[in-house]
Amino acid sequence: MHDLPQQLANGLILGALYGLVAIGYTMVYGIVQLINFAHGEIFMVGGFGALTAYLVLPGGTTLWLAVPLMLIAGILVSTLVAVGAERFAYRPLRTAPRLAPLITAIGLSIVLQQLVFSFYPDAKKARVFPKIPGDPFHLASVTIQRSDVFLIIAAPVCMVILGWFVARTRSGRAMQATSQDPDTAKLMGIDTDRVIVMAFAIGAAFAAVAAVAYGLRTGQVDFRMGFILGLKAFTAAVLGGIGNIYGAMLGGLALGLAEGLATAYIQHVPGMHLFGGGAWKDVWAFVLLIVVLLVRPQGLLGERVADRA
Amino acid sequence: MRHRSALVVSIAVIGALSLSACGARDAKKGGDAAGGGSTTVTIGVDAPLTGDLSALGLGIKNSVDLAIKQANEKNEVPGVKFQIKALDDTAKPAPGQQNATQLVADNNVIGVVGPLNSSVAQSMQQIFNDANLVEISPANTGVALSQGEKWATGTKARPFKSYFRTATTDAVQGPFAAQYLFTDAKKSKVFLIDDQKTYGAGLAATFKGEFTKLGGTIVGEEHVNPDDRDFNAIVTKVKAAGAEAVYYGGEYPAAGPLSLQLKDAGVNIPLMGGDGIQSGDFIKLNPKGQGDLATAVGLPVEQLPTAAKFIADYNAAGYKDKYETYGGYSYDSAWAIVQAVKTVVAANNGKVPTDVRKKVVDAVQQISFDGVTGKVSFDEYGDTTNKQLTVYAVKDNAWAVEKSGTFAG
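Top to bottom, those sequences are chains A and B. Residue numbers for the first sequence follow my numbering, beginning at 1 and rising by one. Residue numbers for the second sequence follow my numbering, beginning at 310 and rising by one.
Among these hints, one or two may not hold up.
[What the hints assert, rightly or not] Simulated crosslink set (BS3-like; lysine-lysine; CA at most 25 Å straight-line):
#, chain 1, residue 1, chain 2, residue 2
1, B, K631, B, K401
2, A, K131, B, K704
3, B, K704, A, K125
4, B, K498, B, K572
5, A, K125, B, K572
6, B, K378, B, K684
7, A, K125, B, K684
[Stated by the list, open to error] Label-pair restraints from in silico Cβ distances:
#, chain 1, residue 1, chain 2, residue 2, range
8, B, D415, A, L57, 43 to 51 Å
9, B, K383, A, I106, 50 to 58 Å
10, B, D664, A, L115, 43 to 51 Å
11, A, L231, B, T526, 46 to 54 Å
[Stated by the list, open to error] Not close to chain A: a few residues of chain B, all C-beta gaps over 10 Å, as computed:
#, residue
12, N381
13, Q392
14, N441
15, L523
16, E689
No wet-lab data here; the hints were simulated from the structure. For glycine and all other residues, C-beta sits at the position ideal for the given N, C-alpha and C.
With these hints in hand, go ahead and build the complete structure from the sequences.
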């Protein structure tokens, strides 16, 4: 067990990544009760947006300059795609039965994957993403990669900004009001369409930050990267209590920890040696989801964004 | 609306019928044509032309294309022209199976080169065998494909007589890697990781058998999912286990980030794998790959005198993609089919016989010629008789030959 601190760190870092993507699921669900299954692909296009920025920058640009620019490009692309999707794929169906936009979302996710697959140069295989060079940092027995430092800083910063935005600004309060009761909010003069677009945009921006973190971490992006990660982030959102922004982050961290610890230790539990290791980590992630849903169906922090955030 | 959809359906049905009629007529013409006119036959190709493994797949397709062009230029089989029909299996069994059905249904197809992946081959073998259509894989290394599921216990039985391969098997590749790591590289503690696919798991199992037999220790074992790209939890375990090397059964899309994350975490030990990681893309995805190792079947194409011409021709043909690991084997696979057709046609007074597929299967079994990769012939299981292997190491961002040899027991 002497590698426990390292495994905890691995799990928390992975969990922060899930949490950032989960925000997008939770905000959109909190306001329009739509599970945006195309959100994983919003994450993916953000990664490709950032990659494009890196590729057009002149070679030899320092990463101190390149990473912020990549971040901006990724956020731009993700937000544009998400807002476009809201306008053209979801808004026309807003009064349709709940199932219709859900199916559109799945369709949209395939469309986005195939568009990148077909039109982004060389996207048919994994594209190399830059890594932050240099040696890792050591904190006692824990090793932290330079690339992960980006995520460790970005995740809390994003959460603080979002918390402040929702609680303190006019737009944030409009968001809470819309989430609580869209019709009354409209009567009170809130432009609910604008609020919904904002929810999609914020979720997309967070997904783009996560995509840059993912790229830096694994050294590659590919057109399928949004699928499994999107599913995990959705799980994290449900785990934390879908609709609750802090729940999304908490759910992400819990899921990341569960995966990391399951990979490392389950096979040492007597009688479980067949069910441990990397191949089973997804299974344990979903077992955790089922257990939480059985014990606490509303998720860890329960209820909707308006009532808590 | 209703009328319109009925109309669309009828047009589609009529279209399909007339197309299939054309197909049938062409095939008949092909069968009858003799002497004066030339008959066109098709060599099918099944490989991943898109997706993670497309670098390898496109190399296969181009090399077959080159073989066919040269056969036509030289008029290798008088009265017969070859053409290529390449289908994309995206490295997955289900599309592979559909492609097999499609190739079998095309009467002009007299042989198939492919696929790349052993797991895909598993889904195709029965279909080709039922249609008596010869299938020669330039890359499959899963042993069970040719020697049956019980090969490891010593009970070898060939399941499909239409299946051949020019690549040698994992029964040879895994142990060869084990011998290299233990004897040449002096590593006695290895952490074993595989991706659970037919190829990866088979390779890891044969490696383990030989490595422990030699006296080495497997200090840990892990299985990952082929789509995983985050291996930090496993990297921590490897570090804790004190391994001197990692052996990975799988392919480069996962092996690249795995090796990178190992080195990032300060675990500076070599990762070794089979021919599935011996690709240029492994190095692209893994800038810290210096010292990583891979075995590949056969001798390096660059070193064989027979291959110099192949490389020159390939480069002269101006293909956009490299020939990669399996180029030479793909060329030889296609050439084996061409030679078999030559034998069959010669025995039938210069005409393509009506039961050409069955006769080609029998002729391939008897084939023997000097190919790009050395001598090309097949044993009683359909495996290549060429058991040469090479260990490569990453040096200065390229795969460099470390050691070549013939596998002996």
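Consistency of the hints with the structure:
Of the supplied pair hints, the one linking B/K631 and B/K401 holds, its CA atoms being roughly 22 Å apart against a limit of 25 Å. For the hint linking A/K131 to B/K704, the alpha-carbon distance of about 20 Å falls within 25 Å, and the restraint holds. Only pairs whose Cα atoms come within 25 Å are accepted, and B/K704 paired with A/K125 is accepted, the gap being roughly 23 Å. Proximity of B/K498 to B/K572 is assessed by CA-CA distance (about 17 Å); at most 25 Å being required, the pair is judged to hold.
Straight-line distance between C-alpha atoms of A/K125 and B/K572 comes to about 23 Å, which keeps the hinted pair within the 25 Å bound. The straight-line distance between the Cα atoms of B/K378 and B/K684 is roughly 22 Å, inside the 25 Å bound, and the hint therefore holds. For the hint linking A/K125 to B/K684, the alpha-carbon distance of about 34 Å lies beyond 25 Å, and the restraint is violated. Taking the beta carbon of each, B/D415 and A/L57 are about 49 Å apart, inside 43 to 51 Å as hinted.
Judged by the Cβ atoms, the range 50 to 58 Å given for B/K383 and A/I106 holds: they are separated by roughly 53 Å. For the pair B/D664 and A/L115, the beta carbons lie near 47 Å from each other, so the given range of 43 to 51 Å is met. Checked against the given bound of 46 to 54 Å, the beta carbons of A/L231 and B/T526, roughly 38 Å apart, lie outside it. For B/N381, the non-interface assignment is confirmed: its Cβ lies about 29 Å from the closest Cβ of chain A, beyond the 10 Å cut-off.
Taking the minimum C-beta to C-beta distance to chain A, about 25 Å, the non-interface status of B/Q392 holds against the 10 Å cut. For B/N441, the requirement that its beta carbon stay farther than 10 Å from each beta carbon of chain A is met, with the minimum near 34 Å. Its beta-carbon lying about 25 Å from the closest one in chain A, B/L523 satisfies the requirement of being farther than 10 Å from that chain. Chain A leaves B/E689 outside its interface by the beta-carbon criterion, the shortest separation being 36 Å against a cut-off of 10 Å.
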